[in-house]
Amino acid sequence: MAALYEGYTLCGLVPTQDLSNSCIRGIEQERDSDHVLVTDSTRSVTLYKVSDQKPLGSWTVKQGQTLTCSAVFNSQTKEYVAVSDNKMIRIWKEEDILLDKAFKATVSSDIWRVQSVNGGEPVVLFQRGAVRLLDSLLSAPQQPIEEVLAQEEAIRWSTNIVAETQQFVIFTTEQKGDNFLYLQGLNPNTLQRYRLEGEEPGLIPLSFSASYRDKHICLLYLYPNGHVYQSVVPVRGLGTEEGTHALPLPRSLQMALPVGEGLLEAATALVLDEAHVAVVGVPHPSAGAGKDFLCIWNTNFQTLQAGKEMAGKIYGQLWCYSNKLFIPHGKTLSVIPFVCPKSSLASALGKLRQAKTEGELKEFHILLMMTTHVDLMLLSTQRSNRKTQSTPCLTTDQVLEFIKTAPVEDVQKEVEGLLSRSDMQDSQPSVGQLVSILVSRSLSDPAFYTPSTLAQLVQTQCLCHSVCPDFVLLALERKDYFLCQLCLQFFPDIPEAVTCACLKAFISGGDNCPVGLHKAVLLCLIVLTSFSSIQLFLQYLQFLYLKYSQDAFPQTHGLRSPSLAQIMDWVCLVLDAHFTVLVMTPEAKGLLLNLHNYVKSQVRLVSELGKIESSLQALHQMKVKKDVGQYSIEVIELF
Amino acid sequence: MGEFTVHRVRFFDYMPSAIRAMAFNPRTERLAVARADGAVEIFNFADNYFQEKVIPGRDGGTVEALCWVGPRLFGAGLNGAITEYDLENLRPRYSVEAYGGPIWTVSGDSAGTMLAVGCEDGTVKMFEILDETIRFQRNLERQKGRIISLSWHPSGALIAAGMIDMIRIFDAETGRATHRLLVERGAGASKSREVVVWSVVFLSDHTIVSGDSAGKVQFWDGHTGTLVRTHLVTKWDVLALAVSQDESSVVAGTSESIVVQFQFISSTVGRQDNEWVRTRTFKNHSHDVRALVHTETAVVSGGMDTQLVVRPLLDKVEKNTQESSLRKIAFPHRSLVCCAKKAGLLLFQFPEHLELWRLGESEGHGRAGDSLPVKRKPEKLIHLKRKGDDHIRCSAVSPCGGWLVYATVSGVRLYRIQHDNNNIGVTKVSKLPKSLCSAHQLCFSSDSSKLFAASGLSSVVVVALDPLECKHLHTLRPKSGSRQPVHLLCVSDDGKWLASANTDCEVHVYNLKKMKLHCKVPVYSSCPTAIGINPVTSNLVTVHADQQVFEFSLQQKEYTEWSRRLQQRGLHPVWLQRDTPVAHITFNPRNPAHIVLHDVFMLCIIDQSLPLPEARTPLLNQMMLRSLPEAERSRQSHAFKICKSFQHLLSMTLLDDQSLVAVERPLLDIVSQLPAPVRQKKFAT
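Sequence lines, in order, name chains S and W.
Sequential numbering from 1 applies to the first sequence in my numbering.
Sequential numbering from 1001 applies to the second sequence in my numbering.
Hints were generated in silico from the structure; no laboratory data involved.
Accuracy of the hints is not assured; some may be wrong.
What the hints assert, rightly or not - These stretches of chain W come out as covered by chain S in the derived footprint (C-beta under 8 Å, 3 or more residues):
id	stretch
1	1009-1020
2	1118-1130
3	1371-1384
Ideal Cβ positions, reconstructed from N, Cα and C, are used throughout, including at glycine.
The shape of chain S in the complex, shown without the other chains (with noise of 0.2 Å):
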């Protein structure tokens, strides 16, 4: 469950004549999560250390002069860009004292806002759309800037992701009441225009908040009228023609947040995580109103996780950084802490195998290899002292080396040699590590796979998930479900995020549906081993269980397939378990629906059968009536 901890002030406001707008334009993350810039509306830039509410320094830029974008910090230079009165560029470092003898340079379009993430070069964006790196502008400060927006286009909201290695500008424009999304990677250029989905007329979104996770961009943003929205963005085939062709982007309603009467005015609905929203401005469901609230709600069960009030007035402004909350409120900016932990299946019913952190996790490996190389070491004096009288083969470690660049038949030829040899069967981490060399090298070489090898290996029973975290996922890569299958049979920790990729992947896998027979082996494996979602769980276990129920299963006789008491066990299992959870789960909602129906046709079944019992009873009791027939010859004895 996430949580809102105590929070504390990091600095007053100055109140502005316009009491809707707080004095501040943005909050930017500096060196580390401890330290952020923030940019009032005015003049000013501070940098605080956030853990000790204290300033480290301000700058100001003259009167008459105003700072029209937040500042930010440029990690690679370790200096700071600010934009004053939309034209002029300045730059500046932490032990320059005076903003107006730092650098400046003048540029021939107004400038929306300097973007920066960490690690990346900082991005300037015009606002007429176009999008240039800081370095190349400042080359030449007044190179032509194109148009990139349509008249009586402008930008409402901006951001900067880096998706993999490239850097994306991700700005909203309005447009007559219409809203596009453009998405403008750099190095190389793409740009995609895309239309969002109307809502009510006249509503256009209060919030964007952008996230970067699976190969996509979620955009998630909020309407006046609290319907929070979820678009998917893939980055992987971007259009690279700078159309301004606008492609529809399909929404789903993640949450609709009780917004009381009327519409909401300043609000903002900040994605945390997958799970997680932070929300400000909307009325929280069971405070009175004149509250002003900032939640965290949970998108996939559409509850509420936790609730803060906050006094005095909310500007509808809210920002993140590292569990930390920047909120302006009234007279202050307070920092408030959060969590928000991933809610599984399995940490409900106490089965989570993930326990240890990936960082952990790496430190086992780590560790395990070096006890191998100590292993191997001591193998290969000993193997050194036998080879004298054996056959010329090569030792373990040749063969490790060996193995980084032979070609797959000869690979597969040593690995099995090494194999036979007895000493070599109960020798785990040599295993391990010839494992781990194959596996790296068929991951960045595609032409090399040697799955017979691998197979052996699993086989011996002396691997097990952490030793290889990639071996799953090579065996899913190459779609050798042969493999996996006897890595679920055979690791004893694989992590549910790999189950459940397995999973997907038997499920979506290219023999026609239902399932074939292969298949359905493996699917039975993954309900032999573990699971995590839910509910592709529990659609799996109707899916058997109809199986079941409607003929005879073909896998039934196979060893490794769950009996039906199995699966009702299962499924009344997950269902008792989260039963609260799947009924606020949207995703869930057929699925709950398809499985009362069926209950309540069972249960109605049963009972009409009840009904005819005793009568079912007398059937049994009664004598097999012959059919005669039209005609038949009988012998009949009279006594």
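The hints should help you fit chain W onto chain S, whose structure is shown.
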């Protein structure tokens, strides 16, 4: 006792016809039943409901209404004619055209002098009943719309007529309509749907009871023409009404297959203000109840499901007696099947045609309870359509299978059948003696050389069969002078004796060598239902409608010792309680002590050598005997060997090869061929 091979035949597609109308003569206790195919049957309620007479129907001769006037029976139908039936010769006596279009109803006055018929053209026509015929007298005031039902007031002065949407009361003297009773259309049903008054009953106190197509039974005051009371009894039609003789009870039959009783009683105990109260509901049918009769002790109903149901009113009969049990008469009381014993052929009689089948053959032997593999399937050899409009009354096939004969009301047709390997030749014998003009019963001698035909005045015509010429040999006449028809004929296997039984309960035995009457068996009060002559002992065995069994020695002309013993001991109560008559008697030539007989629900072999059953020992003891060891078995067994493996038996014959032929017609097969009822109550709904 022994094993028998039984040919179990179920391919006789006998389909009884629906009951259309009924009339009960309380004086003679005869019930006349008209069926949809025009046949009229007479049941004797004084003699165990025995179906003593059947007048076959004819094409286009549907009977809508029946009416007894004294001992005379009248019928009328949609062909527009009134028919009086000749109950001695079992044929229509004459028909008089009413000239009013189809006739829906016939009603006679209580004096027995007038017959009123309701016609399609809206007239009620009055016919005077004369000794030999009826004569049109006049029309009552003509109405718009057909006359569906009629009822005389017992005084004979008024007639109530059920029509469409109304009831009219006529003055029988003047012919004027005196009242018009408007019958309201069904509640909830479409207002435009007219109401048909299917039935009216005029009571002595001038109450008129009506049953209509809106499902109402209504009681009217005939003096004022006002409605007294309405009972909604069904969603569908009330098709028939009947009143008891004392007018204290009325029953209504509906198309919902139920019968509802109303009684004229006080609704509160001790008060005298009687009113018509709905009392009982009987459900004994599966389809529409078209015809109803209220006897003194029972409600008799019939309809689409073809069964005649006698439902005793338990307040009118003594409990746990023969009279108090419900009776359903589903099958005719005489055989429609004739078996050629020597040739192994079966002749099935339908109203429209005859079917001749050859039985199948099996190979090998089996033990009791086995079904033997059928080597050759039964085969239909001949499908013979009758000629003319009259339905077939009786038929026979000769034991050798070489002759086939059938009779209708209007004539007799004889055919020569030649079996030439696999080819069957059927030749009609063109020249028949003039004396062979009609027949109530037909049978062949066991050597197939003679044909016997029961004719008028209980006489029997003997015809010599010859492929070249069939000659009249003799006409055997009884001395009693009975005018009743012969319904049973049988010849002894040695060709010496011929026995005939008529519905006067007389059994005559003729000596065929001398061609004269040998003797007359003492008349028993109950009608014989089956007779047979033992081929070895020449004893005549008769079984009667009251289930009594007699054995009469033809040599001694007296009842045999066994028969006397049986009468002294009395038949077993279970035997007497059976409610279907014994339909056929045969003998086993290899064991003369065995009498083989059957009714609809059992096959019985009476072993005269065994002791008769005591009243307190079980009559049905085959299961018990089966479980006993051999020695014990003989001590426990008695003369009546009853086998109930065969149900709905229409015929049971012993072939010359000692195998039995059982022809069954399962009731379910009949029911499955009936049209769907209007509403069937499903279990648990």
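Which earlier hints can't be squared with this structure? Hint 2 alone not satisfied by this model.
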